[in-house]
Amino acid sequence: MISINHLMKEFTVTDGKVAALNDLNIEVDPGEFFVIVGASGSGKTTLLRSVAGLETPDTGSIKVEDRTVFSNEPSVWVPAQERGFGMVFQSYAVWPHLTVYENVALPLREGEQKIPGSEVDGRVKQALEMVQLEEQIHRPSTLLSGGQQQRVALARAIAVNPNVLLMDEPLSNLDARLREEVRGKIRDLAKNLGATVLYVTHDQIEAMAIADKIALMSFGKLLQYGAPIDLYRNSNCAEVAEFFGTVNWLPGELDGDVVKTKIGDFSASQKAITDKNVWVGIRPEHLAFPEESFSSQPNHILADLRNSIFLGDQYTFEGSASDSTLHGKSRAAPKLQGDKLHIAVDPDDVMIFSADDSNTTFINASMADN
Amino acid sequence: MVLAALPMFVIVVLVGVLISISFQSGIIGTSDAHFTLSNYVDLFTDPIIGEALYNTIIFAITATLVSMGVGLPIAWLTERTTMRAKSAVYAIMTLGLLIPGIYTAMGWTFLAHARIGFLNRWAIQFFSLSEGPINIATPIGMGFVQGLSLAALAFILTAQMFRAMNPSLEEAAKIHGLGFFGTMRRVTLPLAMPAILAAVIYIVVIGIATFDVPAIIGLANRVYMISTYVFEKANPGDEEFSQHGITAALGVIMIGVALLLTWWYSTVLRQGDKYQVVTGKGYRPTLIDIGHWGKAAWAFIIVYIIAAKVIPLILIGYAAFVPYLAPPSAKMFSLMSMDNIMENMDWDLVFRGLKNTVLLVLIVPAATLVLAFSVSWLIVRSRSKARYVLEFGAFLPHALPEVILAVAAILMALFVLKDFVPLYGTVTLIAIVYVITRISFATRAINSALLQIHKELEEAAHVSGLSEIRTSWRILVPLLRPTLMSVWIWSAILVYRELTVAVFLVGHENITLPAVIWSYWQSGATNLAAAVTLIMTLVLTPLVLLFWWFGRKSVMSN
Numbered sequence: 422m423i424s425i426n427h428l429m430k431e432f433t434v435t436d437g438k439v440a441a442l443n444d445l446n447i448e449v450d451p452g453e454f455f456v457i458v459g460a461s462g463s464g465k466t467t468l469l470r471s472v473a474g475l476e477t478p479d480t481g482s483i484k485v486e487d488r489t490v491f492s493n494e495p496s497v498w499v500p501a502q503e504r505g506f507g508m509v510f511q512s513y514a515v516w517p518h519l520t521v522y523e524n525v526a527l528p529l530r531e532g533e534q535k536i537p538g539s540e541v542d543g544r545v546k547q548a549l550e551m552v553q554l555e556e557q558i559h560r561p562s563t564l565l566s567g568g569q570q571q572r573v574a575l576a577r578a579i580a581v582n583p584n585v586l587l588m589d590e591p592l593s594n595l596d597a598r599l600r601e602e603v604r605g606k607i608r609d610l611a612k613n614l615g616a617t618v619l620y621v622t623h624d625q626i627e628a629m630a631i632a633d634k635i636a637l638m639s640f641g642k643l644l645q646y647g648a649p650i651d652l653y654r655n656s657n658c659a660e661v662a663e664f665f666g667t668v669n670w671l672p673g674e675l676d677g678d679v680v681k682t683k684i685g686d687f688s689a690s691q692k693a694i695t696d697k698n699v700w701v702g703i704r705p706e707h708l709a710f711p712e713e714s715f716s717s718q719p720n721h722i723l724a725d726l727r728n729s730i731f732l733g734d735q736y737t738f739e740g741s742a743s744d745s746t747l748h749g750k751s752r753a754a755p756k757l758q759g760d761k762l763h764i765a766v767d768p769d770d771v772m773i774f775s776a777d778d779s780n781t782t783f784i785n786a787s788m789a790d791n
Numbered sequence: 014m015v016l017a018a019l020p021m022f023v024i025v026v027l028v029g030v031l032i033s034i035s036f037q038s039g040i041i042g043t044s045d046a047h048f049t050l051s052n053y054v055d056l057f058t059d060p061i062i063g064e065a066l067y068n069t070i071i072f073a074i075t076a077t078l079v080s081m082g083v084g085l086p087i088a089w090l091t092e093r094t095t096m097r098a099k100s101a102v103y104a105i106m107t108l109g110l111l112i113p114g115i116y117t118a119m120g121w122t123f124l125a126h127a128r129i130g131f132l133n134r135w136a137i138q139f140f141s142l143s144e145g146p147i148n149i150a151t152p153i154g155m156g157f158v159q160g161l162s163l164a165a166l167a168f169i170l171t172a173q174m175f176r177a178m179n180p181s182l183e184e185a186a187k188i189h190g191l192g193f194f195g196t197m198r199r200v201t202l203p204l205a206m207p208a209i210l211a212a213v214i215y216i217v218v219i220g221i222a223t224f225d226v227p228a229i230i231g232l233a234n235r236v237y238m239i240s241t242y243v244f245e246k247a248n249p250g251d252e253e254f255s256q257h258g259i260t261a262a263l264g265v266i267m268i269g270v271a272l273l274l275t276w277w278y279s280t281v282l283r284q285g286d287k288y289q290v291v292t293g294k295g296y297r298p299t300l301i302d303i304g305h306w307g308k309a310a311w312a313f314i315i316v317y318i319i320a321a322k323v324i325p326l327i328l329i330g331y332a333a334f335v336p337y338l339a340p341p342s343a344k345m346f347s348l349m350s351m352d353n354i355m356e357n358m359d360w361d362l363v364f365r366g367l368k369n370t371v372l373l374v375l376i377v378p379a380a381t382l383v384l385a386f387s388v389s390w391l392i393v394r395s396r397s398k399a400r401y402v403l404e405f406g407a408f409l410p411h412a413l414p415e416v417i418l419a420v421a422a423i424l425m426a427l428f429v430l431k432d433f434v435p436l437y438g439t440v441t442l443i444a445i446v447y448v449i450t451r452i453s454f455a456t457r458a459i460n461s462a463l464l465q466i467h468k469e470l471e472e473a474a475h476v477s478g479l480s481e482i483r484t485s486w487r488i489l490v491p492l493l494r495p496t497l498m499s500v501w502i503w504s505a506i507l508v509y510r511e512l513t514v515a516v517f518l519v520g521h522e523n524i525t526l527p528a529v530i531w532s533y534w535q536s537g538a539t540n541l542a543a544a545v546t547l548i549m550t551l552v553l554t555p556l557v558l559l560f561w562w563f564g565r566k567s568v569m570s571n
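For the record, the sequence lines run as chains A and B.
Per the numbering used here, the very first residue in the first sequence carries number 422; after that it's consecutive.
Per the numbering used here, the very first residue in the second sequence carries number 14; after that it's consecutive.
You can take every hint at face value.
Derived DEER-like restraints, expressed as beta-carbon distance ranges: (1) Asn446(A) <-> Leu182(B): 50 to 58 Å; (2) Ser787(A) <-> Phe405(B): 45 to 53 Å; (3) Val490(B) <-> Asp609(A): 36 to 44 Å; (4) Lys642(A) <-> Gln465(B): 29 to 37 Å; (5) Met206(B) <-> Ser496(A): 53 to 61 Å; (6) Ser787(A) <-> Gly195(B): 53 to 61 Å; (7) Asn446(A) <-> Gln173(B): 51 to 59 Å; (8) Gly195(B) <-> Glu601(A): 53 to 61 Å; (9) Asn357(B) <-> Thr563(A): 51 to 59 Å; (10) Asp487(A) <-> Phe405(B): 43 to 51 Å; (11) Gln465(B) <-> Glu601(A): 30 to 38 Å; (12) Thr563(A) <-> Tyr67(B): 53 to 61 Å.
Derived from the structure by calculation, the hints contain no laboratory data.
Predicted model only: the values in this text are computed from it and were never measured.
Just so you know, even glycine gets a beta-carbon here, dropped at the ideal spot from N, CA and C.
All chains, please: the whole structure from these sequences, using the hints.
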């Protein structure tokens with residue numbers, strides 16, 4: 422549906438050039454809810470705006486339904502108004518001098534898509550019904566609440582019946598409770614319409630909640646893309662793993678089937694790594710307290726308990742063993758065996774990454790921050 | 014893009030022509046012309062230039078002192094004290110901006126001319142003096158009149174600064190033991206200094222280049238400023254040739270000086286930012302309670318209004334109905350009649366002037382808006398490098414004295430376009446120069462309004478299928494409408510009353526209404542000049558009210 426090939430874009434800044442898009446290759450299937458996620462400055466918005474036609478990439482190509490909308494070789498450029506997409510902006514961009522009805526009708530009446538005049542009224546009403554705004558239809562848009570403006574923007578985007586719906590952080594200006602409610606509705610709406618959605622957010626929870634597939638970007642590069650659970654469980658690098666949740670990092674050496682670390686040995690169910698020096702990554706929620714008494718075997722650790730805190734829905738705690746600290750989370754209170762904490766980790770939950778330059782640099786920086 | 018580049022192209026060509034002609038002598042614009050420095054030599058050895066320069070400096074200093082002396086205290090009183098009826102002060106000062114300097118100049122000539130001035134006649138009568146004690150036709154006198162007329166501008170420039178000043182800085186001084194005057198001297202004024210200095214430079218630039226007041230008061234009395242010197246060289250009377258080479262040379266020097274001052278102005282403004290006097294939006298400074306002094310403050314404002322606006326207007330009205338100028342008396346009132354208007358006035362001339370002026374008012378503001386909108390859009394929205402050039406280009410006419418642009422336009426029409434494009438003596442030529450001189454103001458107003466319109470409003474229109482033109486028409490223009498309206502009316506008023514460029518460019522056919530006033534005034538028919546001024550004012554009033562109406566709704570009023 423949307424295929425992005427070798428897309429590059431550089432911005433000139435005061436001290437040289439920055440790659441906002443660095444050789445991106447993405448394939449989005451028809452009807453897919455595709456979320457682009459990343460920190461600010463990762464290039465996610467630039468990517469979305471390039472697909473929209475609001476930004477011109479330097480090289481590469483963007484194809485939508487076999488129509489090339491951008492390419493540098495041969496040179497192709499379809500202006501935004503001829504691409505026929507729907508888009509919801511971060512600021513909503515609801516035109517303040519028009520009413521709710523006029524906001525939705527203007528693109529239908531005067532846009533390039535050439536909708537017959539007799540159809541306009543019906544389609545405006547249909548779109549506003551879909552977002553439950555039919556009661557506000559003739560209100561000036563400046564009198565709407567933030568949530569209502571967001572729905573006007575959504576109605577305007579879907580009224581043109583787009584095959585592709587682009588959304589740039591559409592929930593970031595809503596308050597937290599409304600955000601959770603609306604994200605479900607947006608997903609349902611998109612699925613009902615059968616539109617392919619490209620959705621940008623910086624919030625990893627939002628991304629996981631709404632996406633069929635997620636692409637994680639960092640400094641203009643695509644780190645990994647796939648189903649949410651793949652990115653969480655089978656991260657291809659330390660940065661992806663940590664983006665979707667805290668990770669305890671332990672340096673170690675691969676020795677046969679196990680990784681030897683200062684606090685004990687670990688083995689993972691899947692390991693494609695053959696390097697000698699590796700990083701073991703364990704998420705806090707994967708620390709468990711087995712009933713049986715401690716015996717020295719892989720994935721079992723004996724630690725001192727520190728800072729056990731009750732937070733209502735969970736406990737957080739720290740287990741300390743030979744200068745290393747493991748951060749943990751659990752539903753039940755950490756259970757001591759004697760005066761020690763017996764921690765076990767399921768081999769499925771042990772992540773192993775090569776201690777190459779990029780992983781090591783990232784992990785050291787992230788540990789220095791904590 | 015083409016529209017945006019057009020005004021800049023015209024400016025560059027005008028300046029180019031000016032520079033080129035300043036180095037030519039002989040028959041300019043033909044192969045007989047040769048390149049020389051003699052224009053510059055002649056200019057510097059002319060005995061009058063020294064005197065004109067001296068007069069101009071005295072004039073500019075006086076004008077600045079008077080305008081800041083009036084404008085600055087009123088700005089402080091309005092923004093920082095408990096004085097009452099502040100919106101009335103804003104109303105009065107904005108109207109003050111709209112009343113042309115020539116009104117004040119004419120009124121004060123009637124009042125304080127060495128020979129005919131009423132004050133002098135009364136003084137001679139009551140104190141049996143041999144000659145009048147006051148002479149308005151001196152650099153200081155003219156500077157005073159110019160200062161009265163620029164005080165409204167000084168008020169507007171400094172009021173913004175006082176409004177944005179963070180009051181906690183002053184409160185901190187008070188808490189640490191400084192009294193009112195101590196706080197004023199050690200905190201308020203030093204903080205305000207960059208903005209005050211910027212306003213001073215701005216007004217000095219205007220003072221150096223201004224033409225109308227020195228022309229109305231000084232020319233008949235042979236007191237020259239730089240601007241009126243240029244006029245004399247360009248229009249030396251019947252028996253002499255125009256010395257275009259010399260005016261061009263002087264123009265080049267003035268452009269240099271003006272650019273230097275403007276550069277200094279922007280440097281000072283930037284330095285002002287480092288104090289961080291400006292705080293966030295919606296910040297309401299605490300007001301200083303001045304109690305009953307508020308009445309004294311209002312008395313000050315009223316005296317200013319009477320001196321700068323009311324007396325001149327009344328005297329112009331009086332002069333319009335009497336046959337010759339003399340202080341009001343029972344005899345003079347019995348001589349009052351409509352003769353000036355009904356009999357003596359050359360209605361052919363007045364109608365011609367009115368027709369051309371109306372034409373200009375219809376064309377110039379509209380053209381200015383279209384061009385300024387294109388320039389602004391490119392400056393604010395485009396990412397191309399050209400926007401820096403455009404920004405400078407739009408700013409340039411603001412730095413160039415109108416007198417010099419007018420001279421350059423004459424030279425351009427006479428020696429470059431010549432008969433190929435016969436522009437000399439046409440309304441078109443005036444219109445072109447008017448558009449150029451108005452464009453920086455219009456661009457700046459539209460820039461700031463455009464910056465407040467979120468870019469995504471336009472992008473949303475593009476993505477949903479609207480073309481560039483349709484997006485401008487359906488989204489930008491409606492959102493900018495209040496600003497566009499007030500820029501339009503403001504330009505219309507300025508075009509309507511414009512005298513400087515008109516005096517240089519008009520001939521028999523393309524004369525404008527203010528130029529009719531000027532020609533009567535210059536030929537000594539002061540009562541007829543007053544009568545035409547009265548007619549002009551009657552037409553101006555509805556325009557001003559219109560501006561007032563739209564101004565209230567626009568961003569400019571903030």
